[in-house]
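**Student:** Sequence:
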Amino acid sequence: MIVLENDNDTIVAISTPPGEGGIGIVRMSGKDSLDIALKIFVRPSEKANDKIKNKTVPRRLYYGYIIDEQGKEIDEVLLSYMQAPYTYTREDIVEINAHGGIVPLRNIIKLIIRKGARLAEPGEFTRRAYLNGRIDLLQAESILSIIRAKTEKGLKAAIQSLKGALSGEILKIRDDVIDILSEIEVDVDYAHEDIDFGSENYQNITRRIKDLKERMDALLEKRIKGKILQEGLKTVIVGKPNVGKSSLYNYLIREERAIVTEIPGTTRDLLIEYINLKGVPLKLIDTAGLRKDGDKVEKIGMEYSKKAMEEADLLLFLLDASTGITAEDKWIYEQIPSFNRPNIIIILNKIDLKKEISKELVQGTLSCKAVLETSLTTGEGLEQLEEAITELVFSGVFKGEEDGALLLEARHGEIISQAIVSLEDVMKALKEKYPLDIVSIDLRQVHQYLGNLLGEDTGEAVLDHIFQRFCIGK
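Each residue of the sequence shown is one higher than the one before, starting from 674 at the first, in my numbering.
With a Cα cut of at most 30 Å, we get these calculated DSBU-like pairs of lysine-lysine: (1) Lys704 with Lys728; (2) Lys886 with Lys900; (3) Lys980 with Lys823; (4) Lys1147 with Lys823; (5) Lys913 with Lys979; (6) Lys1003 with Lys980; (7) Lys900 with Lys836.
Think of the hints as simulated: they come from the structure by calculation, not from any bench.
This structure is a prediction, so every number in the text was calculated from the model and none was measured.
Full structure from sequences and hints, please.
**Tutor:** This is the structure we're talking about:
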């Protein structure tokens, strides 16, 4: 467990990526942020900073210099001060916009630490925003999704989560759970009065529990869509050497990334690129050509290829139309896990040469989602391939915004699944006409799970695991 020295400490970190850049930002948060800043910041017109503290107006930029204890200028900067509670962390925040580069930024950090701040832990600024009640835990996690978004649609979904889309759905479900629990409590409280609430009440509660389960099932479905939006659908290009895999990869990413030669085994490692294909996010992977015989390095690459095929959401399997289906092609097909074969689009490439096989023959020989014909030399069929990917695989998943994909982390999926199991137990208990006070036990468990999603009564170990994934400075 990460032990934070003191939540009341003033913390500091570099908030911009390391390396050279036009601007580097040093961020402080805590009650002493402004005092520390004014010990090291000098405006051209002011040399005695104790005279200007009260003149530092929040949400304005101030031009000046960072100076050390000897009066030496470290950098020319812009300083901004944001006053609590109207800040990211709900604490006083100071940001120093310095010149980008490791040396000036590190010197500023060292100086600030000498003046009383401490270096922030990974994600500690966001953790303070959560602990201070500015955001709930789901919103905090969505910030990481924004930072890591690989696609425009993934970014949009992450922003919706930050604005409370997921939290809102969870809160609505939890409110309904509370309503049902309240109704059960009334029944239990009046049980000694010999009032018979009858089977109608059981049926009503069962109906409402079923509705809750359906809504939570829908959340899990949205999680699948959200994962694809965030990471891109893992699309793996496979086939024997020199069948056109790297040419297809280069075409889809619109640049010459993969080396294309007539020498078998040119691609030894996985090439990965995130692309947006007609509005569809793809994580495109070019694999090493698969063949039984190969040198030691090639075989290592082929092991990577096999692992990629196991994890693929979509496989683009290239065949040479000028040779037909060879024994080597059949061997490669057998390497694809059987559970993933329905996710194959077979591409008959090199149709500009004499064709030795038809689409119909391929469909009758190899199980797949579709068979398409292309020529990566002439460009024939490539537009149709792009259309096929969007139509055959993603139909109804990415079109329009009505799908409401949500970015759920593995933690969210696990907790929601546990809550669904508890709801199923509630439904079984109601069906067997168990006493309502017994039924309420599992329903209270559902309430607790939903609270855990929002970050209520969440242990330090869980918080550490979540915020450790953030960078220092966020």
